[in-house]
Each structure stands twice: as C-alpha cells, then as structure tokens.
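Chains as they are written, first to last, in this note's numbering: chain A, 1262 to 1624; chain B, 1262 to 1624; chain C, 1262 to 1624; chain D, 1262 to 1624.
Please note that the accuracy of each hint is not assured.
One copy or any two copies: either way a pair holds, since identical chains are not told apart in the list.
To be verified - With a straight-line Cα cutoff of 20 Å, these simulated SDA-like cross-link-like pairs (lysine to any residue) come out:
#1 Lys1459 <-> Ser1514
#2 Lys1578 <-> Ala1323
#3 Lys1404 <-> Ala1449
#4 Lys1404 <-> Thr1623
#5 Lys1578 <-> Ser1518
#6 Lys1404 <-> Asn1532
#7 Lys1404 <-> Ala1456
#8 Lys1404 <-> Asp1614
#9 Lys1404 <-> Ser1460
#10 Lys1578 <-> Tyr1333
#11 Lys1404 <-> Ser1525
#12 Lys1459 <-> Ile1424
#13 Lys1578 <-> Leu1560
#14 Lys1578 <-> Gly1294
#15 Lys1459 <-> Glu1300
If you are wondering where the hints come from, they were derived from the structure by calculation, not from laboratory data.
There are 4 protein chains.
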Amino acid sequence: MSSNAFGKLLTVTTFGESHGPAIGCVVDGCPPGLTLDAEEFRHDLERRATGRSRYTSQRHEADEVEILSGVYEGRTTGTPIALLIRNTNQRSKDYGDIVQTFRPGHADYTYWQKYGIRDPRGGGRSSARETTMRVAAGVIAKKWLAEHHGVRVRGYMGQIGDITPDAFDWDAVEQNPFFWPAADQVPALETYINALRKSGDSVGARVNVVADGVPPGWGEPIYGKLDGELASALMSINAVKGVEIGDGFAAVSQHGSEHRDEMSLDGFASNHAGGILGGISSGQPVTASIVLKPTSSILVPGHSVNLAGEPTEVVTKGRHDPCVGIRATPIAEAMVALVLMDQALRHRAQCGDVGVVEPRITS
Amino acid sequence: MSSNAFGKLLTVTTFGESHGPAIGCVVDGCPPGLTLDAEEFRHDLERRATGRSRYTSQRHEADEVEILSGVYEGRTTGTPIALLIRNTNQRSKDYGDIVQTFRPGHADYTYWQKYGIRDPRGGGRSSARETTMRVAAGVIAKKWLAEHHGVRVRGYMGQIGDITPDAFDWDAVEQNPFFWPAADQVPALETYINALRKSGDSVGARVNVVADGVPPGWGEPIYGKLDGELASALMSINAVKGVEIGDGFAAVSQHGSEHRDEMSLDGFASNHAGGILGGISSGQPVTASIVLKPTSSILVPGHSVNLAGEPTEVVTKGRHDPCVGIRATPIAEAMVALVLMDQALRHRAQCGDVGVVEPRITS
Amino acid sequence: MSSNAFGKLLTVTTFGESHGPAIGCVVDGCPPGLTLDAEEFRHDLERRATGRSRYTSQRHEADEVEILSGVYEGRTTGTPIALLIRNTNQRSKDYGDIVQTFRPGHADYTYWQKYGIRDPRGGGRSSARETTMRVAAGVIAKKWLAEHHGVRVRGYMGQIGDITPDAFDWDAVEQNPFFWPAADQVPALETYINALRKSGDSVGARVNVVADGVPPGWGEPIYGKLDGELASALMSINAVKGVEIGDGFAAVSQHGSEHRDEMSLDGFASNHAGGILGGISSGQPVTASIVLKPTSSILVPGHSVNLAGEPTEVVTKGRHDPCVGIRATPIAEAMVALVLMDQALRHRAQCGDVGVVEPRITS
Amino acid sequence: MSSNAFGKLLTVTTFGESHGPAIGCVVDGCPPGLTLDAEEFRHDLERRATGRSRYTSQRHEADEVEILSGVYEGRTTGTPIALLIRNTNQRSKDYGDIVQTFRPGHADYTYWQKYGIRDPRGGGRSSARETTMRVAAGVIAKKWLAEHHGVRVRGYMGQIGDITPDAFDWDAVEQNPFFWPAADQVPALETYINALRKSGDSVGARVNVVADGVPPGWGEPIYGKLDGELASALMSINAVKGVEIGDGFAAVSQHGSEHRDEMSLDGFASNHAGGILGGISSGQPVTASIVLKPTSSILVPGHSVNLAGEPTEVVTKGRHDPCVGIRATPIAEAMVALVLMDQALRHRAQCGDVGVVEPRITS
C-alpha cells in the first residue's frame, strides 16, 4: 500500500509538492449518493489557509478545489473522488537560498539522506502544503459523518506556549484567529504572538479535537484500534510530536480509582478515557490532543551544514509563522473525521448484522 | 488487511484469547538466513511475564514458545514464522464474576457493543495476554536489527506516579524489577508500590524507549512516517493513552530557537526531535515515550452496570497489578523494534540503489 | 501486507511447511455470531485429502483441526479464528533424495534462487499441503455465505486429459472419487487413471466452480474486481496455469452478437459472462474454470541439476498423484467462497445504505 | 486499501471517468533518480489510442500527459508521481441514448445495482478510458525494469477470431496496426476486420505478453505469487475473460513427462511453465496470455431493459471497435511491467541480502 495513502476503506492518497504544478488527492471508498460541490471545500480550506490572518504566515493561497472525478450531477457515485488544487503563488525565488542548505528542524537533511535527491522548493513534499488536501478530504468525511451518524468533529487550541484557556466556549472558537475557546484572552494572545513575530522566534502549541455523537462500537482491535489509528493519523501531521487520547500523559500520576470511568444507567461518570476503551468507541465523546513543535523557519540564525558538507548559518527570510500550531486545528479535525469515517465503514462491514446491543449506556 | 496484523513488509498477525487454548502469531516477511531458536524468546518473555516479581500481578505464565514454521535447521527460510504458546494457567474460576458485568475502564462494554458477543474469560481478546506475542515477534526484529544494522532498542521506566528518576544508568535498568534507571531509588519504589498494593489501588506510568544506531533515511513520508508508525504501534498497546516522539508535549512551551536541533559536521547539537525529521530518521537516537493508565482492575469498588442493564458494583479479586506500566517496557521495545525493521525493509525496497549519501552528519 | 495472506476484509493468513510441526491459518474479519465447531471442517478436508481414494496420492493425513481462538461457546466472536493441524505423517525419509536436487516442474530451484535456503522436506512451503488450510478457511466462508445470502459454491471436474463429461448432474459429482458430473464415465476414468499410474506419468485437468445465489452488486472496480480477485485467488493454487471466467478463452472466436448476454425482465438470455460485468456480479451464477498442470513428481526419469551444479536425473519414488487436479476441486471451491465473502463484506461497507435497486432482473 | 489502486510497493491509483473533466493516476513507490519526461508517455499512449488506425474506434483522443508531482529537474524524487490527462473530446451527445438503458455486455446494469447511481456518459468509470493511465504508469515501470534489470516487456496479438499467426517476428509486430507477428497475414486481417465492421459485429482476441530478462527469484509465495499477481492485474483489464501463464489451458491434455521443463547446466529444455515455478520466476522468459471478449457495443440490435424496467432494444451508434482486443496489447504490457517492478521491489526488500545464488541456470 502506498505510503502516501491512509485509511483502509476510506482511502485518501495525496500527491504534490509545495512548488510543483499542483497538489491533489484521491478519496476512494466514499459511499455513493452523498451530495458534493466544489464550493463546500472553501470554508475549511480558508480556516487552514496561511493567509487567514496576520498571525500566521502571510502567504496567500487561493485554494480553488476542482473535482476531477467521482461526482455526477452533484452526487458521489462510489468511484474515486479526485480533487486538484493548482499552485498559483509559488514565488520560488523566496526559497533559492535553501537549495544548498539543510535547514535545522526541517526534513531537508533526512529527505536528502533517504533519496539522494530532493525538491527543495518550499520544502517540496515535506511542506505543510500537503495538509491542504487532508483538509479537503476531511470535508467529505465530516459531511458523511454528520449526515449518516450525527457525528460532529471540532477542534480548538488548547495551549500556545505557556498560555492555556481560562474558559471554554465552542462559540468563541470560530470567532478569533487562534481557534481559542476563551474570548477574553484573545487580545493578550495577539500581543503575545506579535511580540514573538517581532523577536523572529516561534512557539509550540496544543490542539484538541472532540468528536461528539460517535456511537459505541467503532474501532477495530488489535492493530486497527480507533486510538491507534488516530495516533498515526495525527502524528503524521507536520510538526506534531505527541498524541494523547483522553487524559493522555496526565494519567501517569492518576490512580486507577480516579482514572477508570465508572458507569451507571445514566451514562459514564467521567471521560478520562477519551471515549475509547480497548480501542473501541464507548459512546462518549472521542477526545484527542496533539502538540505541534514551534516553527523551525525563524529569523533567528541557526547553525547547519550545506550540501558541500561545510558549516553554514541559516536564517529564514520572508514568510514566517510564529506558531504553526494554530492552523493545524482544521487539519487535526480532518484527520479525526477521516479516521472515524473509515472506522464506521469497517464496523459496518464486519458487524453490519449485529444491530443495537443492549444494555446501551446513555451518553 | 487484517486488524490483527501490523507492519507492511514485516507483518505480524496475532491471535488468541487470554483463556483460550493458545495464543500465537505469524511473522511474515523476515529475511531468510537469520538464526533462530525457540530459546531466544525466553529472556524477553520473562521480562514481560506477570510473575516477574511481586510488584506486578502474581499470575505465573510458563510461556513456552513453539516455532511451528518458517525455520529450517535453525535458520529462517523467508516463509512465515508461526509462534505458539499454550495457555496453561487459566484458572477460569477467577473470572466467573465478570461474565455478567462490564468492568469500568475495561473493554468489556465496548466489545459487547461492537460484537454483541464476547469471551469474558480474563478479558478475552482484549487482555494484555496478547502482548506476549508482540514481545516474541519483537525478539526477531531486535535480533535482525542488531545483526544487520547495529541497532539496539532499549526501554526503561520514565515515571511511576509522581516519581521520576534522579539519575540515569542503562546498567541499572535490568537490575531491578521496575526497569528503573536510578538504582538508589529502587527501595523507595518498592515501598511505594507495596503501599499501593495494600490500598487496593493502582497508578499510571511512563515508559521511554531509545533506539540507538538507526541510520538516516528510514521512514516513509507521508502516511508511512516513522513517527506515525511508531505512534500507532505504541498506542495499540493495552492501557496506553499517549505517545510522544523526542520532546513530545514539552514542545508546547518551547521556542523554535530552542527546539530545532542545530547541526554541524560533528553532529546534531541536541535531539529535541527524537531522531526523526519529516517522518524520516536523522541518524540520531530515536526516542519515544508512552503513558500507561493505571490498572482498572483494582480492589477499590467501582460502579458499573451488568448485562441485564442493572446497576452493580465491581471489585476485582485475586490478581492485581498496582502498575501495569512496568511490564510494558519490553512490549514497547518490541513494538519499536518491529516498526524499525519494517521501515528498514521498506527503505531497502524503494531506495536500495541510493547508497551512502554525502554529506552524512556524524551522530 | 503479508504475502501469506489474502483478502481485504476477510483476511486469511496461512503458515506451515509440508513436514514442519504443523500447518495453520488465521481467519480475520469473520462477523460475530456464526456457529462454528471443529467437526465442521472434516467433510471438506476429507474431500481434499490425498488419501481420499486410490486415484490420488496414497499418503493419508489425519487432518484434525483445532480451533485455537475466535470462537466462544460455539460461536464466532469477531476476533481472529486460528486453526491448527499438526503434521503427523511426515515420513521425512521419503524425501531424503530431493534435498540435493532441483526437481523439474517444482519450486525447488526458484525457492533456492530467491532465498538461498529452503526446506526441502516434501516441498516445504511450496507443497500443496498448504492448501489444506485454504479448504478449512473456505468452510467458514461457505457457511457464512449460505446462511446470510443463500449462496452455494460447488465445483466439479470439467476435463481430465482429453476426456470431457458427456452429461451433467450435480448429484453425480459427490458420488465418485473424480468429482465427475457424468456417472457413466466413471469406470472409464478409473481405467484411464490406473493406466496412467502404471505408466508412471500424470495428466492435467480442468476444474469448474459455480457459485449460485450471488446477488448483483458484489465486486469492486477497478483493481478489486470480482473477476480480478478470483483470478489471483485461483491462480495462487498450486499447479494452476490458467483461469477463466464465464466462456473464458472460447470468447476469442465469438462474435459480440453471440457473447454479450442479452437481458429481459425475466432474466439474462445466456451467461457467457460468467455472472460478472465490469468486475461486479450481475445476479447470474458466477462461473470460473481453472487448469492444473500434470503432476511433476512422476516415476518417469527427468533431467535436472543438483545443488553442486552437476547434471542429474530425478525420479520420484513412492507417492505419486497421476492427476493433482482432482483434489483441487474443494480447494477451488474454497478460494471462490473466500473471495465472495470478502466482496460481500466490502460491498456492505461501501454500499450498505443503497438498499435494493430497481429494476432488478430475475436470475 | 483502495480498490482503485494496485501494487504493494509500486502502487498505482487511478481515477477518472470517460467523460469527466480528466483522468489521472498516482504512481507511488518509484525509486528516486529515474529520469522522466512527459514526452516519454507519448509512444505507448499512441499505441493504445483508439485513433491509432481505422481498424479500431475512430474517436481520437489527444492524450497529453501532465506530470503534476514527483519529478524534479527531470528525475523522480521518490515522492508520488501524479499524471493527469484532460478529457478533451467527450462529445457527450453520442451517449445520450444510453443514459436510460442498460447495454448488454456492459457494466451499466451492475454499476446501477451496486451503487444505485452511475455516470452513464461513455461508460463512466467502467470505460476502457481508464486503461490510458495504466499504460502511462506502465511506461515508468518498463523504463525502470529496462534500466535496472535489463527486462523487456513486449506484447503481440496471438489470435483474432479464428485467425492465428503463421509466423513469428518481433519486428513485424510494431509494423502493422494489429500488433500481428506475421507480416504476410496483415492484408487478410484488414479484409477480415473491415468485413466485421461492415457487418456491425465484433470478435474476440488473444494477446500474448513476453517479459525477457526477468532474473530468477521474483515473486512472493503464497498469495503474492508472480503468476497470481499477473492474473489479477491482467483480469482487471476491461473485457478480459481469461488469463494463462505459460502453456495455460493446453496443460489439461499434457502429460507430466511433457509439461515439466527439464533442466541442464545450459538452461531449461523448454518453457511450458511460462517462466514461473511455485509463484517465483525461474529466469526463463515470463509468458502470459489473455483473452478479450468481443466488443459489446455493436451495430447489431440487442435486447435489454431500461431504467423504467421496460424491455428495450439497444443499438450502438457511431464509434465501434470491431475488436477491442487489438488495443489491449500495450495495456497488457503495462500491467505485466507494473507487476514485475512491484515484485522486483518486494524481492529486494526481503531478500536484498541474499546475493547471487549458485547454481544459476543459464537462460
């Protein structure tokens, strides 16, 4: 199976380099009959776009999705859905200086070591540009999950640097450029990020994703566990260095009597597990959290070596994201949605006969 | 592909329930010519065994591995290696009371909801008993990695409850029942775990794994990234709730100027990345960390419901692990080794012609 | 994915060598709730067994299947079903002379060239012994298909040497050791096979398989076509050199006006297509045909080379099948059943919402 | 894994409908460093093109391949290679009448039954238009096989209707529009096909493919056999109803003493096996043969039903291939090349250490 594809029954294959002619994806396995229009991709792509606000990189990409296949008269036909976005704003000159240099914290050196050749323009294949297609594919998964199962997948920023939300309101999340759930902290965040930008440095971030409405029974043990699939899907996002389900690493210090979620007929008493037990959804909200490392492309000079094997100093000029984690929010949502839809189809394949099992705990 | 299998080119398929006749696995894709003897599994299986010490569950399993196929005159032949362990110490009566009850924190309820039927004896398929076969398969991967690439994969406990190591010595790790890297803390740990056991409760743990000697270039972008594969392999271990690569969640608070590992001809200046950039190994040690939730089977009563849909109280009698994380150390090592061997074979398939690429940074 | 596994959603992984300790398989993806007992494997295994009659090899294998996992209180649980058969009648001395020699028409030379090592005892992994586990796995698929979809998969001999059936009666097929559909020809076949055996030679055969009751819509275009999957499943049977669907090679000489199966409300006017159009079942019986080459292990001496690279002559002593094709009948049935069940699950995954589509042609 | 993808290590995913905006493919797993230019696709695409001669359908498609990714400065980089061809000559009006009707011998009815929706324009996804991308992907495989292993994959027509070649000359094959290996029969073939066209009917065909230079050892037993993979790859081509390896169905009537290819130090005495033993290449030429059914879209009226469930008569107007098998020659070559390259990579992954094994038979 292709290493540029993921999903077992809903398979998404992406292609394209940051500064090549185009990026795209093939979504295979989507059930027939789903209405789909190219306009529907716009909202999430704008949420992801680097030009979304001045707090992320100022490169503006007019990401126009073209549906090349798999849709007839506005509905999916069951055949592969190919999506294409032309790269229109490449400005290759910006990247001329990195052709000869391995940027610290980037994949330049490792691609070079693996392949003996690399497309250095804008990071080539290793650029976060690829995640655009994940977001596009995720739009399809979100829509199918909502229509067929009432599942809603939403993300928000859980931490930027040392700042954590002091309140939580889903409505606030989409009202500010940080996907921040506490409206009153937004001005302080602006100040913080602006200061970072001026200093030429960057900072890490945490993104949380919550999927509501997931029925019990999704997820395949042992190596197709719902949490296992979420882990690889989320870890595969550029810059992600860790994945948690439910309480995650906080469980190190917890006691069993605290962590295990007790049950009654009215539901679970808590959700430390993040809605997954034994790799299978419990009916509670599925919660996952990721950490994104601070942007490596910063104005602060860094030591490195060049292609000739000589020591050199790297300074990123031009575009610069003080916190790449911010725009990872819709990407993380997309990956969670794609995993859930894949698991929904897998569950239906094996357990399509099972029906509703009693007792079912309210959640 | 089977959900009870993992790995693309080194594929491990496991089977078996905790209290069924046997557990086993099929390891497919191992190159021919590796010497292999059934005795070689003993060491790591004993490290994993619940009877290893009084600090973990006292059930003693005499895990005798039988090699059913794939080895001829002491060497692998390239055909699938089937390994079998008979379940000899099942004591089903211990588990009689859980047949009718969904234990909080366990997969009882979710398996029931998914399949409408479950083998309740000892947790059935969701029991950590399955991980025995991961450890056995990992023995093969560790050996091949060592012989062919000089790679060494080792794990240790990074935290138990709130206790963290105050020193680090690889030699200490194998000298105590906690895989603890600081010998002087062992008596205190014994006291702590004994107190926990007496209280009938349990605690979480962190396990760290380090793979030394991994050459640059292993790992397949985009959805076959080395870190992505590690994440799903490690998250699939029972009770794991989080996975980190390198600095992991600590990166939330880091600045880019701190996190990115600068390079010189003499090597990398640091290893915040955990030896992986863009999903590909950099030549530095690969480091991963996992958290295991506290054992859910404890003596402290917990609320739940039973098969009839009535409220009930669950108390685990008999065997009880105060910290399941301890014996996860060899399991995590095995999973890391299996992922690395798989990636080594994948790299050889696609990049077998590439040869040594210059400049190569010493590490 | 393992090369010793097949099937996407119903995945069968086999292991074992002809003269190793055991052969076995892991069947993953079977829906929960199917009743299953070890006795149910007996019938088809006896149909396949070499000791079935004096017309096939006289080696008698007492193939006792042990269910190692996946079944609880007589019903499948949705977890992997591992089946094991111990090799009890190995008589390794029979094969002593072939250790140093590459038998013409066998895989001896090619395994040696691929792996640089091989288990020569009885052909090792390349022995038709492996097909025992296909038959066992096929029992599960046949049962599920019958219970859930009313599908029946049956095979018969379509040709032995130049002899073809002069009548057709399903009832006759199971009444003679040749799976021959014309009872009156059986004595002549006995004479023919006995003469072949005495001459020390062997002959090829054709096996036909028919699956009745397959509903329209099974099969996944483009590279998961029902006929494509049947082709690889059937070609993977030892000694098979060709696969046909429907009219197969006879279509070379047909005109379009003859071959295309016209339709009316009462059904298709013919079934040249073998029940598959565009890779998807049409609702007509699915028909496939295979050819098996004549046994290479014969008493007639043949030229070859030995391990030392010297010319040598090979004569097979002892057991000798004058027509290996005969016992391929239940193997071919099993492969067809496994492919169909896999496709049924795949169809349910993607098109589980579609329901009955009108107009549906009676068939 | 996607049903619109094939290959384990060299994975080709295709997308697109006959009359959609475009068709395309993603080739993943190609080793880095292969030179590749869009012009290189032209030759084989023209060989396949329907407009190649007046003996096949007169629709002319200007198939201009655009390389969207995976190539940098004229060389492959190891990242996925996406190829795109815009559909420019759709003439949808030609197909207006088939929207309401299920054409006999086509996939119209089965797609409708499977999905409950279909793109009827030109056959949609089930059109042979899709094979354009197989040919394009095959160009990459042919080139890599030639450069790295000296393998050459060539096809020719083995039979049209009842006409078989009376001579064999590779040079002749590319000198006539029928890929016919006997030059003196070409005028008679022209007469034959013209008469067929006038009669409004069509005829079946056999295509043979030969791969020279395949080293011993390629192919993975048991379910990844070289012949098994060839069978599914070739059977997946539109209109194919049978696949043979080596002597194929002729082996029914052969004796073992005739069929098995005896060996000496100077090579094999014959090649009945088609270069494959036990699923692994022997070093002899790999030979495969397929049958393609006669075109179903003919001028002769045929009975069918329409969407409303009423009886109707179907007559194909306009374009009409009297023998679709002719243009299958480059498609079959492409599929064989793709399978061989995939197997070459798989072999290198598992047996990269084995080196040259003695004794090696000259071939």
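Status of each hint after checking the structure:
1. Lys1459 <-> Ser1514: between (38 Å within a copy, 18 Å between copies)
2. Lys1578 <-> Ala1323: Neither: 22 Å inside a chain and 44 Å across chains, both beyond 20 Å.
3. Lys1404 <-> Ala1449: Close neither inside one copy (35 Å) nor across copies (54 Å); limit 20 Å.
4. Lys1404 <-> Thr1623: The answer is neither: 24 Å in one copy and 36 Å across copies each exceed 20 Å.
5. Lys1578 <-> Ser1518: between (53 Å within a copy, 15 Å between copies)
6. Lys1404 <-> Asn1532: Neither: 26 Å inside a chain and 41 Å across chains, both beyond 20 Å.
7. Lys1404 <-> Ala1456: Classified as neither; 38 Å inside a copy, 51 Å across copies.
8. Lys1404 <-> Asp1614: between (25 Å within a copy, 15 Å between copies)
9. Lys1404 <-> Ser1460: neither (41 Å within a copy, 49 Å between copies)
10. Lys1578 <-> Tyr1333: Answer is neither: 45 Å inside a copy and 24 Å across each miss the 20 Å cutoff.
11. Lys1404 <-> Ser1525: For Lys1404 and Ser1525, neither the intra-copy (32 Å) nor the inter-copy (39 Å) Cα distance is at most 20 Å.
12. Lys1459 <-> Ile1424: within (19 Å within a copy, 40 Å between copies)
13. Lys1578 <-> Leu1560: Only inside one copy: Lys1578 and Leu1560 sit 6 Å apart there, 60 Å across copies, limit 20 Å.
14. Lys1578 <-> Gly1294: For Lys1578 and Gly1294, the Cα distance exceeds 20 Å both inside one copy (47 Å) and across copies (30 Å).
15. Lys1459 <-> Glu1300: Neither way: Lys1459 and Glu1300 sit 36 Å apart in one copy and 48 Å across, limit 20 Å.
The structure shown violates the earlier hints numbered 2, 3, 4, 6, 7, 9, 10, 11, 14, 15.
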